[in-house]
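Chain by chain, the residues run as shown.
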Amino acid sequence: MKTALKLAYRNLIGAGLRTWLNVIVLSFSFVVIIWMKGVLVGWDHQAKTDMANWEIGGGQYWHENYDPFDPFTFTESHTAVPEEFKTEIAAGNMEPMLVVQGTIYPQGRMQPVIIRGINPGQNIFKLPTQKLDTLTEAIPAIIGSVAARNLRVQTGDYVTIRWRDTNGMFDAAEIIITGVFSCNVPAVEAGKVYIPLEKLQSMVQLEGEATILTFRDSEKERPAIENWTLKPQSELTKSIDEIIQTKTAGQSVFYGILLLLAMLAIFDTQVLSIFRRQKEIGTYVALGYTRREVVGLFTVEGAMHSILAALVAAAYGIPFLAWQAKAGWTMPMDVSEYGMAVAQTLYPVYSTGLIVSTVFIVVLTTTIVSYWPSRKIAKMNPTEALRGRLQ
Amino acid sequence: MENNSIIQIKNLTKSFPTGKTNFIALRGIDLSLGTGEFTGLIGPSGSGKTTLLNIVGSLDTPTSGEAWVLNHSIGALSAKQAASLRKQNLGFIFQSYNLLAVHTVFENVEFPLLLLKYNASERKKMVMDALEWVGLTGKVKSKPPQLSGGECQRVAIARAMVKKPSLVLADEPTANLDASNSHHILQTMVKLNEELKTTFLFATHDEKVIGYLRRKIYLLDGKVDKDELTVGSKQSTVSSEK
Ligand SMILES: Nc1ncnc2c1ncn2[C@@H]1O[C@H](COP(=O)(O)OP(=O)(O)O)[C@@H](O)[C@H]1O
Ligand SMILES: [Mg+2]
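Line by line, the protein sequences give chains V and Y.
With my numbering, you'll find the first sequence wraps up at 1669, consecutive numbering, no jumps.
With my numbering, you'll find the second sequence wraps up at 249, consecutive numbering, no jumps.
Honestly, the hints are just simulated from the structure, not real lab data.
Do not take every clue at face value.
Stated by the list, open to error - Pairs of lysine to aspartate or glutamate, DMTMM-like flavour, derived with a Cα cap of 20 Å:
no., chain 1, residue 1, chain 2, residue 2
1, V, 1284, Y, 114
2, Y, 171, Y, 114
3, V, 1557, Y, 114
4, Y, 94, V, 1571
5, V, 1280, Y, 129
6, Y, 17, Y, 73
7, Y, 132, Y, 202
8, V, 1470, V, 1345
9, Y, 124, V, 1571
10, Y, 198, Y, 136
11, Y, 87, V, 1662
12, V, 1280, Y, 114
13, V, 1284, Y, 129
14, V, 1557, Y, 179
15, Y, 94, Y, 37
16, Y, 87, V, 1571
17, V, 1470, V, 1571
18, Y, 150, V, 1558
19, Y, 146, Y, 114
20, V, 1364, V, 1476
21, Y, 233, Y, 37
22, Y, 94, V, 1558
23, Y, 87, V, 1558
24, Y, 171, Y, 129
25, V, 1477, V, 1411
To be verified - Using C-beta positions, here's what the derived DEER-type ranges look like:
no., chain 1, residue 1, chain 2, residue 2, range
26, Y, 153, V, 1531, 46 to 52 Å
27, V, 1523, Y, 153, 53 to 59 Å
28, V, 1549, Y, 201, 44 to 50 Å
29, Y, 128, V, 1519, 56 to 62 Å
30, V, 1549, Y, 233, 55 to 61 Å
31, Y, 183, V, 1526, 57 to 63 Å
32, V, 1635, Y, 152, 40 to 46 Å
33, V, 1665, Y, 217, 53 to 59 Å
Since we're looking at a predicted model, the values are computed, not measured.
Cβ coordinates follow ideal geometry from the N, Cα and C atoms, glycine included.
Excised from the complex, chain V in its bound form (with noise of 0.2 Å):
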């Protein structure tokens, strides 16, 4: 093995351009390969952090009734904020949030708009609420930047909102716009406005009640509460798993056809070699090789592109990785209405697995693609071959 070691990498770097070629092409694969999958994973840990602080916090307990995609459960989804997490929500390591179905007037246009009442004063959210800490005569309110774009509204702005109370009965009141985020979430802005909680619970006539309890700490035990389901971060991050699987196999087809040139390129210099190089393959045989090794030495050959792709790929792809890792990779198209948490500039995240899968594969092709032309070596007839003679 040492031997056909030795004598490979002799004949591959004797070989020149052509091996080089190979190896450039191959080390392309490794790189974008590496960098793909890093920007999957860095979008992954990214979007799920950006979940957790503006949307989710560590995990969530839900009105039993509460359905986020059906506004008409809203009327039912509420009831009291449970007695034993009163100390953990005076203690701010737990937030109740109210949401109620109301309509919005924004210049005479009429939109319907989730209202979700939230306490000034809350730190779990990455959500300016500070800024619904204001005394006004109208209700202060914040609203998310895509929102404000699409009902036309900005900072100053008052607003006419109406609702129904626990009674059915229509009410109306002027909000202004305290202030506008934006977040990487979509579901925290798109058609929401919120106001200060107790407001709210006062508007419907539901003081002291919830919809939604955001907890801070994902890792605690949590208990099971009469009318409330309790919702784990991992439970509420599944669509996020689900959407990078998608992306992941859309990918794979990507990085498929990729490394499919790559072997291409391996075959094609394997079944040339084989041809062209007759007479060295009975000159082997007659030093000695059986056919078996010298079968053994064209795999090896073919292999070693991809060892060398490996050492070019690290020299200017950790460069590139790492420079990438750093500046993050910015998207080319505006992603803020892209429908799921994405942030505009991904920061690629590469693990010691992801790497060393990488490599494995990329070898363990190249390795079949080239064992794949060379059992042909095993039949040929050494006083032939030493002729030269095509077969």
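Add chain Y with the ligands to chain V, keeping to what the hints say.
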């Protein structure tokens, strides 16, 4: 088997399948070669010289009859055993040199020693010795494409000789060389035959080679036509050609 014989061939035939009929390349060869001989198979093109040399070199097997080389029956060897016989005991020299074009002169000569697992320092010494025998110590780092035909064949001789094999098989070694290069490499081989007691078996129809042989086996249509020893000392054989 005779004690000092290196090759024993008994009633050897070799036929190749060609379409419907078999082409018979060797028909009933009987031969015996002793250690240290400097012998040639001589005959026109197509007479079966290469075929016989390939069988002796364990690159091919007899169709019938027997070929014993260094106490191994060629037809009975497994691929692995045959490879081992070549690796340990046989050296090959070809008409078209068959050097590894992308390897240096040093690496080409080193090759058989790598297969025999000599360590680096042993290899270096043996390669330099072999290059000294053929007068090429100045071209260690050159690659075959940079060498003349004569130099290439000297590298090939060094490669065949570096492991000091018992038997060297040379198939038309001078066919691509001019007269002065032919004499040069033949004198080198005569010298190695004398100093290392290596047995040489040639296949040739080149008069220049024939002049150096101490035994001439004439082949015609796959049969031994004549088998004659050169009279006089080998020294006089060599000088008579100069
Ligand atoms: N593999 C083969 N298949 C068919 N015929 C062959 C094969 N090898 C050699 N021959 C035939 O056997 C004869 C002897 O060939 P060879 O030993 O190469 O002759 P020489 O070396 O004396 O010129 C030739 O007629 C050649 O065509
Ligand atoms: Mg011939």
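Hint by hint, here is what the structure shows:
no. : hint                        : result
1   : V:1284 to Y:114             : 11 Å, holds
2   : Y:171 to Y:114              : 17 Å, holds
3   : V:1557 to Y:114             : 18 Å, holds
4   : Y:94 to V:1571              : 13 Å, holds
5   : V:1280 to Y:129             : 17 Å, holds
6   : Y:17 to Y:73                : 5 Å, holds
7   : Y:132 to Y:202              : 18 Å, holds
8   : V:1470 to V:1345            : 15 Å, holds
9   : Y:124 to V:1571             : 15 Å, holds
10  : Y:198 to Y:136              : 14 Å, holds
11  : Y:87 to V:1662              : 19 Å, holds
12  : V:1280 to Y:114             : 15 Å, holds
13  : V:1284 to Y:129             : 17 Å, holds
14  : V:1557 to Y:179             : 16 Å, holds
15  : Y:94 to Y:37                : 26 Å, violated
16  : Y:87 to V:1571              : 10 Å, holds
17  : V:1470 to V:1571            : 71 Å, violated
18  : Y:150 to V:1558             : 15 Å, holds
19  : Y:146 to Y:114              : 12 Å, holds
20  : V:1364 to V:1476            : 15 Å, holds
21  : Y:233 to Y:37               : 12 Å, holds
22  : Y:94 to V:1558              : 16 Å, holds
23  : Y:87 to V:1558              : 19 Å, holds
24  : Y:171 to Y:129              : 14 Å, holds
25  : V:1477 to V:1411            : 11 Å, holds
26  : Y:153 to V:1531: 46 to 52 Å : 48 Å, holds
27  : V:1523 to Y:153: 53 to 59 Å : 58 Å, holds
28  : V:1549 to Y:201: 44 to 50 Å : 47 Å, holds
29  : Y:128 to V:1519: 56 to 62 Å : 60 Å, holds
30  : V:1549 to Y:233: 55 to 61 Å : 47 Å, violated
31  : Y:183 to V:1526: 57 to 63 Å : 60 Å, holds
32  : V:1635 to Y:152: 40 to 46 Å : 42 Å, holds
33  : V:1665 to Y:217: 53 to 59 Å : 24 Å, violated
When each numbered hint is compared with the structure, violations occur for hints 15, 17, 30, 33.
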